[in-house]
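A.B. asks: Work out the full structure, taking the sequences as your base and the hints as a guide.
Residues per chain are reported as follows:
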Amino acid sequence: MDSPTNEYKELLRVENLHHSFTEGSQKTEVLKGVSLQVCASETTAIVGPSGCGKSTLLYLLGLLDRPESGKIFLNNFEVSSSTEQTRTALRNTSIGFIFQFHFLIKELTVIENVALPLRKFGADAKESEERSFVVLEKLGLAEKAQRFANKLSGGEQQRVAIARAMVNSPSLILADEPTGNLDTENSENVFGVLQELAEIENLGVLIVTHNSELAAKTNKLIQMKDGLIIKDE
Amino acid sequence: MSLLGIVLGIAFFVITQAQTSGFEAFFIRTILGTNGAIRISDRFQDMHGTVRSSSKDGKTSFFFHSKEGALYTEGIENPKLLKDALDQFTEISGISEILEGNAILNGISRSQTVQIHGIVPSNHIMVSDLEKQIIRGELSAFELDPMTILIGNRVAQRLMLQVGDRVNIQGRTGNLQLRIAGFFETGVSQIDKNRVYIHLSTAKAFIGKRFSGSIFQLSMFDPSKAPEIAAQIQETTGHRTVSWQEREQVWLDVFKALRVSSAITVSSILLLSGLGIFNVFAIMVIEKTRDIAILRSIGFKPSDTSSIFLWQGVIILFFGIIVGVSLGILSTYGISQIPLRIRGIFSTDSFVVNWDLTHYLWAIVIATVFVSIASWIPARRAARIEPAKIIRETL
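Residue numbers (the working numbering), protein chains in the order written: chain A, 94 to 326; chain B, 5 to 399.
Some clues are possibly wrong.
Stated by the list, open to error - Computed cross-link-like contacts, DMTMM-like style, restricted to lysine to aspartate or glutamate with a CA-CA straight-line distance of at most 20 Å:
hint, chain 1, residue 1, chain 2, residue 2
1, B, Lys292, A, Glu122
2, A, Lys199, B, Glu291
3, B, Lys393, A, Glu177
4, B, Lys197, B, Asp133
5, B, Lys305, B, Asp295
6, A, Lys324, A, Glu281
7, B, Lys393, A, Glu122
8, B, Lys305, A, Asp158
9, A, Lys310, A, Glu270
The hints are simulated quantities; they were obtained by calculation from the structure and are not laboratory data. The model shown is predicted, which means the values in this text are computed figures rather than measured ones.
C.D. replies: Okay, structure coming up:
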């Protein structure tokens, strides 16, 4: 039997994740035991109705929040209970985040926005600019590198957000409704970029989306309902 | 606006402190130069007239009080012995024996009661600024001739006297003809309109106290130590000894109150500027909450986001200090050039300012405390932002 190739090695494993929110005296259980797996070079879509826990799951996987119980393994390293310092470092080096509303900093130029994770990582200004420019070139935004982020179209801004997410060469990209605010043409364009990244850069891409057409094009589709995974195919 | 507040706060603090402490320092210089650091007068004497009977072994067998025969001796009884004792104090830089008395000074057309100070000129210039206080005439002329007199300028003005004039002083024991060697001005009006200096030997003969009755005026290498040294002298010699701090306590307290109240008033400008900075930063944290959450999501630590605000505070403080201190220096110099004639407790013809580094340091410390607090609270709030919660609420 062949050993698993590097392209399909396990990047992320989630075991029996539980999470809830408390507002006043009322506790709402959002995730009721979620387990899943994401591999390198694969795009995975999570679909489901609003309030089923998709985004909460994504923030837990992005180490922005801590689960109540359950375990998250990133590159076989248990991260759900690791220190805040480790989680912050992993967010910078191993995970790229893309949000529905690009969330670019409007006072910075396109290239400055993209270079932020590199500057945080410790790269100097020149190196950060050079590496950011290479990524922007890949995404067809080299000409707009010096423009302010808020002067670009919605699709372009989302591609800048993708550039920012991948500039530090993470192993996992988490995207929360990345096409939710875009028209059909731009949605397909952005989705195409994410698929290419997974294949060419050997990344694991996990997308939360309401767009079932785009979700159908991913390698793996996970369906959620009421805090549970009801289909994983 | 906040930066301007810090600049003006620091500058005003420096200016007001330079003025109040300037006048205070000038007053201290004047009183040290006029009445010395320490004055020693009468010996403590038993005025109850205690009469004791002691047995052979030295124990008191009985005593009673009788005021009969109790005589109070004014001034120092044995100046030479006391001077020898004072020579043992290494902190004392000069000793001047002074014999004080009252007389009537007869000018050409008018007379005035004056306070005679009999001094040894060479000793007295060691414990006072008499040399610098001479405004007309020569101290050397006074030093060389024991039949000369130095007169306070207000007395001279009142009696319309000129240097070289002969005047007559009239006392209980007789009259004395003296030539005016010069006029002095201390700036202390009470002294300038009453005091005259004559030679100690002349004064002793004139007042009729040949061997005792004088007081001592001392100068010190470090006048700030005067209270401790005065206490030691009083304890060891049994003579009433008063330091300049005790003697001028009322005025010193007035200057201190002025200095502290102006510091408090001006610090409120810095406090208001601090509140301004706090306001701006607090609003910035609210406006930039989403950006802070994004920075956190791409690997920025809580301390990274808080340092953004702390650095802004540092930049405002840095430029505030540079410009504020420069403005303070220029304004202090400008104020020192403003003509202002003051006579009474000292003599000056312009604003007196004190160039003291501690004023600048205090201004910087106060500004630093206010700006630090004003930046630290919003910075702490920025560090506590939970990125997941903010992003979830933004969507």
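A.B. asks: Next, verify each hint and record whether it holds.
C.D. replies: Do the hints match the structure? See the list:
{"no.": "1", "hint": "B/Lys292 to A/Glu122", "verdict": "violated (30 Å)"}
{"no.": "2", "hint": "A/Lys199 to B/Glu291", "verdict": "holds (12 Å)"}
{"no.": "3", "hint": "B/Lys393 to A/Glu177", "verdict": "holds (16 Å)"}
{"no.": "4", "hint": "B/Lys197 to B/Asp133", "verdict": "holds (18 Å)"}
{"no.": "5", "hint": "B/Lys305 to B/Asp295", "verdict": "holds (13 Å)"}
{"no.": "6", "hint": "A/Lys324 to A/Glu281", "verdict": "violated (24 Å)"}
{"no.": "7", "hint": "B/Lys393 to A/Glu122", "verdict": "holds (16 Å)"}
{"no.": "8", "hint": "B/Lys305 to A/Asp158", "verdict": "holds (14 Å)"}
{"no.": "9", "hint": "A/Lys310 to A/Glu270", "verdict": "holds (15 Å)"}
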